[in-house]
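Starting from the given sequences, assemble the full structure and let the hints guide the process.
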Amino acid sequence: TSTKFGHYYDVSKTMSPELFQSIKWHSFYLPEELSLQPTVKTCNMNSAYGRLLLSIQRIIYQEGFDGSDPQKKQKNILRIGIQSLGSLLWGDDICCSDTPEDIHSLTKFLYVLRGLLRKSLSACIITIPAHLIENKAIMERVTNLSDTVVGLESFIGSERETNPLYKDYHGLVHVRQIPRLNSLICDVSDTKDLAFRLKRKLFTIERLHLPPDLSDTVSRTSKQELAGSAKLLSSGCGAMAIGKKHLDF
Amino acid sequence: QGKFTLLRDTRTDGSFLVHHFLSFYLRAGCKVCFVALLQSFSHYNIIAQKLGVSLTAAKERGQLVFLEGLKSCLDLWFGEQEEQSGQPNPLQFISESTSDLKALFDFVRVSLTPASSDSWKGPVLLVDDLSVLLSLGATPVVVLDFIHYCRVVVCSQLKGNIVVLVHSNEDSEDEENELVVNSLCHHSDLILWVEGLATGFCKDVHGQIKITRRVSLELTGEQDVIQIYQYKIQDKNVTFFARGLSAAVL
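These protein sequence lines map, in sequence, to chains Y and C.
Quick note on our numbering: the first sequence kicks off at 1017 and runs consecutively.
Quick note on our numbering: the second sequence kicks off at 55 and runs consecutively.
One should not assume that every hint holds.
Below are the EDC-like pairs computed for lysine to aspartate or glutamate, each with C-alpha atoms no more than 20 Å apart in a straight line [to be verified]:
id : chain 1 : residue 1 : chain 2 : residue 2
1  : C       : K125      : Y       : D1163
2  : Y       : K1215     : Y       : E1177
3  : Y       : K1057     : C       : E150
4  : C       : K125      : Y       : D1209
5  : Y       : K1152     : C       : D225
6  : Y       : K1215     : Y       : D1184
7  : Y       : K1208     : C       : E230
8  : Y       : K1152     : C       : E227
9  : Y       : K1152     : C       : E230
10 : Y       : K1208     : C       : E249
11 : Y       : K1091     : Y       : E1079
12 : C       : K57       : C       : D199
13 : Y       : K1152     : C       : E224
14 : C       : K257      : Y       : D1082
15 : C       : K156      : C       : E114
16 : Y       : K1183     : Y       : E1222
17 : C       : K104      : C       : E230
18 : C       : K213      : C       : E229
19 : Y       : K1217     : Y       : D1026
20 : Y       : K1152     : C       : E229
21 : Y       : K1057     : C       : D129
22 : Y       : K1152     : C       : E232
Derived contacts from chain Y toward chain C, CB cut-off under 8 Å, selection only [to be verified]:
id : residue
23 : K1040
24 : S1043
25 : Q1073
26 : H1120
27 : R1130
28 : G1131
29 : T1164
30 : L1200
These aren't lab readings, by the way, just hints derived from the structure by calculation.
If you're wondering where the values come from, they're calculated on a predicted model, not measured in any experiment.
Where a beta carbon is used, it is the ideal one built from N, C-alpha and C, also for glycine.
Here is the structure:
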């Protein structure tokens, strides 16, 4: 069954201007910010992250998402999207160096951001190119500081591309963490093996299951291959998407 | 009295133990200083209410001192005004270049040192969770020093208890965190180690808890006592049972 929710996109075209002209949106483009305000004091943190935090905090305050001004009664949630955090685009070298200059900037940024999100009507989704980060300790800390962590692992360029088990899919979805907020229990789903398929107008996530073994001619070796692949389902990690829930009620 | 309990989780979330100890000590009438680094006050309050305790009421009557780390960090980062009430921000190490946790320790010490009008039973320091301090720029030595100072004041001088939660993953590459966790294990009187099942997720058994009473620290020649149970978390409760004897199985 297909639902209409959230499936209005076409990756071969850019978004039509009418779609976003009617809503209020803000952007943060680092090169632009740098030219507008060449020097900004950011204590003990990568300056791009510091500027981004200031920008987010300013928007939250000015648009009333923190409930500080009862006049500006917000009925909406501020949705924030941050792309390629931790990469060179943000002036961070953890993606290109074995010994980064400042391994704490990213996690400090996430902690302050978490505070901002908890104190306001906002939600944030972040993508991080985890496969580029040599220092795995950073990714463990990033996971602990996030509410929801989902990993996308593409088959392109890996040996799984030719594996018959995966022929219908483009990659795997790893749910690494789910939020446990305001409750002792959390909603863990039964399914742990998920795969995704990316088409021009559709992104689907489906349960991965071994195909039925119907033919007598399926030799023993290929059965073992399938079983071996099934064991590998939970390893590896490509680009990561992280969502942070918001509030505080 | 004077005990240091370490809560440790691997492959799962051990924070249900934090909620348990918080409501347990509040109900017992102890003065509690809760350093809550990862979640907001309302998160703990909502869960505490399910366990029968109101954190707001405890704060109002002076029984609970709650440090909401996320909020303090925001004050530090965006606050234009100088420190209100003359007290330095407990998390000032995040923005300072000298990363020592003295301000945090002073906060704990001041919170738990009894005033003459206090009639609470022994003080308790609760930390959720210590691993966050490493993410914020504190070195392992600084974190261990902080814990050491807290032990001297809270456990030895004030005869109170400390309960600290740390995360540790098997095959973790976070060497700094492993260092802190291992060091704390050596010095703990009681270790509660919560682990997800090695066989993967199960609806009826959420994990296993290994309780180690460090009797060996008392130097009487006895060995540590280790007990292992399995548990299932419910909305208002956690049930423990012997391994293999989950209600779903019997």
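Status of the hints after comparison with the structure:
Taking the CA atoms of C:K125 and Y:D1163, the gap is about 17 Å. The hint holds against a cut of 20 Å. Pair hint Y:K1215 plus Y:E1177 holds up; C-alpha atoms about 16 Å apart against a cutoff of 20 Å. About 13 Å separates the Cα atoms of Y:K1057 and C:E150, which keeps this hinted pair within 20 Å; it holds. About 37 Å separates the Cα atoms of C:K125 and Y:D1209, which puts this hinted pair outside 20 Å; it is violated.
Distance check on the hinted pair: Y:K1152 and C:D225 sit about 11 Å apart at the alpha-carbon level, within 20 Å; holds. With a C-alpha separation of about 11 Å, the suggested pair Y:K1215 and Y:D1184 falls inside the 20 Å cut-off, and the hint holds. The straight-line distance between the Cα atoms of Y:K1208 and C:E230 is roughly 30 Å, outside the 20 Å bound, and the hint therefore fails. Straight-line distance between C-alpha atoms of Y:K1152 and C:E227 comes to about 6 Å, which keeps the hinted pair within the 20 Å bound.
For the given pair, Y:K1152 sits about 12 Å from C:E230 by alpha-carbon distance, which is consistent with the 20 Å threshold. About 18 Å separates the Cα atoms of Y:K1208 and C:E249, which keeps this hinted pair within 20 Å; it holds. A threshold of 20 Å between alpha carbons decides the hint, and for Y:K1091 with Y:E1079 the separation of about 11 Å falls inside it, so the pair holds. A C-alpha spacing of about 17 Å is found between C:K57 and C:D199, which places the hinted pair at or below 20 Å, so the restraint holds.
Of the pairs offered as hints, the one joining Y:K1152 and C:E224 holds, with about 13 Å between alpha carbons and a cut-off of 20 Å not exceeded. For the suggested pair C:K257 and Y:D1082, the alpha carbons sit about 38 Å apart, so the restraint of at most 20 Å is broken. Our distance criterion of 20 Å between C-alpha atoms is broken by C:K156 and C:E114, whose separation comes to about 27 Å. With a C-alpha separation of about 13 Å, the suggested pairing of Y:K1183 with Y:E1222 holds against the 20 Å cut-off.
At roughly 36 Å between alpha-carbon atoms, C:K104 and C:E230 are farther apart than 20 Å, so this suggested pair is violated. A distance of roughly 32 Å separates the Cα atoms of C:K213 and C:E229; the hinted pair therefore is violated under the 20 Å criterion. Restraint check for Y:K1217 and Y:D1026: the C-alpha separation of about 5 Å stays at or below 20 Å, so the hint holds. Note on Y:K1152 and C:E229: the hinted pairing holds, with a Cα-Cα distance of about 10 Å set against a maximum of 20 Å.
For the proposed pair Y:K1057 and C:D129, the alpha carbon gap of about 16 Å is at most 20 Å, so the pair holds. Proximity of Y:K1152 to C:E232 is assessed by CA-CA distance (about 13 Å); at most 20 Å being required, the pair is judged to hold. Because the smallest distance between the Cβ of Y:K1040 and any Cβ of chain C comes to about 22 Å, over 8 Å, the interface hint for this residue is violated. Because the smallest distance between the Cβ of Y:S1043 and any Cβ of chain C comes to about 21 Å, over 8 Å, the interface hint for this residue is violated.
This hint holds: Y:Q1073 has a C-beta 6 Å from the nearest C-beta of chain C, less than the 8 Å allowed. About 4 Å separates the beta-carbon of Y:H1120 from the nearest beta-carbon of chain C, less than 8 Å, and the hint is met. This hint holds: Y:R1130 has a C-beta 6 Å from the nearest C-beta of chain C, less than the 8 Å allowed. Given the 8 Å rule on beta carbons, the hint for Y:G1131 holds: about 4 Å separates it from the nearest Cβ of chain C.
For Y:T1164, the suggested interface contact is broken, since its CB lies about 13 Å from the closest CB of chain C, more than 8 Å. A distance limit of 8 Å between C-beta atoms decides the matter here; for Y:L1200 the minimum to chain C is near 5 Å, and the interface restraint holds.
Violated hints, listed in ascending order, are 4, 7, 14, 15, 17, 18, 23, 24, 29; each of the other numbered hints is respected by the structure.
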